[in-house]
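Student: Take a look at the letters that make up each chain.
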Amino acid sequence: DAGVIQSPRHEVTEMGQEVTLRCKPISGHDYLFWYRQTMMRGLELLIYFNNNVPIDDSGMPEDRFSAKMPNASFSTLKIQPSEPRDSAVYFCASSFAGQGFNEQFFGPGTRLTVL
Amino acid sequence: LAKTTQPISMDSYEGQEVNITCSHNNIATNDYITWYQQFPSQGPRFIIQGYKTKVTNEVASLFIPADRKSSTLSLPRVSLSDTAVYYCLVGADQTGANNLFFGTGTRLTVIP
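Protein chains in written order, with my numbering: chain E, 1 to 115; chain W, 1001 to 1112.
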């Protein structure tokens, strides 16, 4: 298996633009997580899905952030409009019920820079 | 939400055993203890998980005392490639992913 795949790996955009981050979880996994990592705040859970259904989005910072999972093999995290404080590394992770939440498989991340 | 406390950084020479201790005084009965490793420019990677006593795998050992208020990750004979940030997490498996809190981790630097 190729592991969790994220695209793009790097994104540079200007304030006010829409940003879409993409994730393909490991085949067979039924949980998908979106995290954000910054030096100041560390690694924060934004939202997670179970069987394509959003379960908890309490970590989503603002209405500017939205996430979807239209099918078991694809998810997006959208920021509209983007702001400089959104600059961070965004990770997608997946796991399956048989191993629980605690063993998650992370993707390589998307480094977002908002100018 | 069970928080954890671990040292911000540690240094070790190659070939030595490294022990990273994590405090989790508010651990709940159904919480597990999980450790992740993160290399620069990569996502975290699961290392080991335990509930009590000792767990060992090909990468590390995890020691958990009877009161479970702390745990120690042991890395045998570290090499330069073990330089990374190590996170201790406490959470109840399968009851809510928002219970997992990564914190800032321990930055381990292995010196030649």
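Please note that the accuracy of each hint is not assured.
Stated by the list, open to error - Cβ-to-Cβ under 10 Å is the rule here; a few derived chain W residues that face chain E:
{"#": "1", "residue": "1038"}
{"#": "2", "residue": "1087"}
{"#": "3", "residue": "1102"}
Hint data in this document are derived by calculation from the structure and do not stem from the laboratory. All residues carry an ideal CB built from backbone N, CA and C; glycine is no exception.
Student: Does the structure break any of the earlier hints, and which numbers would those be?
Tutor: As far as the earlier hints go, not one is violated by this structure.
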